[in-house]
Every structure is written in C-alpha cells, then in structure tokens.
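Asks: For what it's worth, this note's numbering labels the leading residue of the sequence shown as 1, then goes sequentially.
Any given hint might turn out to be false.
Stated by the list, open to error - List time: in silico EDC-like cross-link candidates among lysine to aspartate or glutamate, alpha-carbon distance up to 20 Å: (1) 16 <-> 3; (2) 16 <-> 4; (3) 33 <-> 11; (4) 68 <-> 26; (5) 37 <-> 3.
Stated by the list, open to error - Ranges of calculated distance between the beta carbons of each label pair, as one might list FRET restraints: (6) 15 <-> 77: 14 to 22 Å; (7) 59 <-> 23: 30 to 38 Å; (8) 1 <-> 61: 25 to 33 Å; (9) 45 <-> 15: 12 to 20 Å; (10) 4 <-> 33: 13 to 21 Å; (11) 57 <-> 1: 13 to 21 Å; (12) 69 <-> 6: 29 to 37 Å; (13) 60 <-> 23: 27 to 35 Å; (14) 57 <-> 25: 25 to 33 Å; (15) 77 <-> 44: 14 to 22 Å; (16) 55 <-> 18: 15 to 23 Å; (17) 9 <-> 31: 26 to 34 Å.
These are calculated hints, taken from the structure and not from any lab test. Everything numeric in this text was worked out from a predicted model, so none of it was measured. Where a beta carbon is used, it is the ideal one built from N, C-alpha and C, also for glycine.
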Amino acid sequence: MPEEILYANLDDLLAKLKKLVERSEECRIKVNKDNVKLKVRTKRKLYTAVLTSEKSGVPKEALADKAKELASSAGCKNIVEIQ
C-alpha cells in the first residue's frame, strides 16, 4: 500500500524527498490530467507525492517539468516517466 507524502510547500517536499531518495531504488513520475504524482520506491514501500498547480504554484503544463526538477534536486539516480 503506497504512503502519501504530505507537505506544506515545495521546500518541505524537497527535504522529505531527500531523506527518502537516500534509500530509494527509483523515482517515477506519472502525469495525469489534473496533477502529477512523484513516486519514490524503496525496497519495502512506495511513497507518493501529488503535485497540483494550486499547491505548487506552477501551471498545469509545467507540473511534469517541476516534478523532474524536484526529483533530480533530491538526488534521484533513476527517474522513469510512466503513463
């Protein structure tokens, strides 16, 4: 069962992602119509952060790019975009 990553702002999300990425196997980005999900998989669990344009302050068209930027800033070695 995936666990949702709750965050107040993007800086808070980045700090939480950095802790998870240290023990992660891969990061996945799933683009939906209204949001983008950033998924971090460890050996035992899947963590999901849901990025919306309202919460991140980024237009819907740029959410996928913002998610990739967050993942690379957090230190994800393997970033996969899934449909």
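Asks: None of the hints should be skipped; say for each whether it holds.
Replies: Against the structure, the hints come out as follows:
no.	hint	verdict
1	16 <-> 3	13 Å, holds
2	16 <-> 4	11 Å, holds
3	33 <-> 11	24 Å, violated
4	68 <-> 26	13 Å, holds
5	37 <-> 3	12 Å, holds
6	15 <-> 77: 14 to 22 Å	19 Å, holds
7	59 <-> 23: 30 to 38 Å	33 Å, holds
8	1 <-> 61: 25 to 33 Å	31 Å, holds
9	45 <-> 15: 12 to 20 Å	18 Å, holds
10	4 <-> 33: 13 to 21 Å	19 Å, holds
11	57 <-> 1: 13 to 21 Å	30 Å, violated
12	69 <-> 6: 29 to 37 Å	20 Å, violated
13	60 <-> 23: 27 to 35 Å	31 Å, holds
14	57 <-> 25: 25 to 33 Å	30 Å, holds
15	77 <-> 44: 14 to 22 Å	18 Å, holds
16	55 <-> 18: 15 to 23 Å	19 Å, holds
17	9 <-> 31: 26 to 34 Å	21 Å, violated
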